[in-house]
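Engineer: Sequence:
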Amino acid sequence: MLHDMSTTPEPAAERSADEVNEEIRALWFRSGGRLSSQERREYQRLVLEWAEASPDPTKAA
Numbered sequence: 001m002l003h004d005m006s007t008t009p010e011p012a013a014e015r016s017a018d019e020v021n022e023e024i025r026a027l028w029f030r031s032g033g034r035l036s037s038q039e040r041r042e043y044q045r046l047v048l049e050w051a052e053a054s055p056d057p058t059k060a061a
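1 is the number of the first residue of the sequence shown in our numbering; add one for each residue after it.
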């Protein structure tokens, strides 16, 4: 029996936009402002995670 396996890792737990933003800042700090190819991929992943975690301004109360 074959199982359908995703190649995209699932986040362990959803984080707030602030938590993801802190990780983005730390990545830039560690890199000295110049991202390697691998760091760029990590940055792109983090930005997408941050965007998903950010509140939707069009749905403000």
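You may find that some hints are simply not true.
As the list claims (entries may be wrong) - With beta-carbon atoms standing in for the labels, derived distance ranges:
{"no.": "1", "residue 1": "S31", "residue 2": "T58", "range": "21 to 27 angstroms"}
{"no.": "2", "residue 1": "P57", "residue 2": "S36", "range": "21 to 27 angstroms"}
{"no.": "3", "residue 1": "A51", "residue 2": "S31", "range": "18 to 24 angstroms"}
{"no.": "4", "residue 1": "P57", "residue 2": "E14", "range": "18 to 24 angstroms"}
{"no.": "5", "residue 1": "S16", "residue 2": "E42", "range": "29 to 35 angstroms"}
{"no.": "6", "residue 1": "Y43", "residue 2": "S16", "range": "30 to 36 angstroms"}
In case anyone wonders, no lab produced these hints; they're calculated from the structure. Where is the CB? At the ideal position from N, CA and C, for every residue including glycine.
Engineer: Compare the structure with each hint and give your call.
Structural biologist: How the hints compare with the structure:
no. : hint                          : result
1   : S31 x T58: 21 to 27 angstroms : 33 angstroms, violated
2   : P57 x S36: 21 to 27 angstroms : 33 angstroms, violated
3   : A51 x S31: 18 to 24 angstroms : 21 angstroms, holds
4   : P57 x E14: 18 to 24 angstroms : 19 angstroms, holds
5   : S16 x E42: 29 to 35 angstroms : 19 angstroms, violated
6   : Y43 x S16: 30 to 36 angstroms : 18 angstroms, violated
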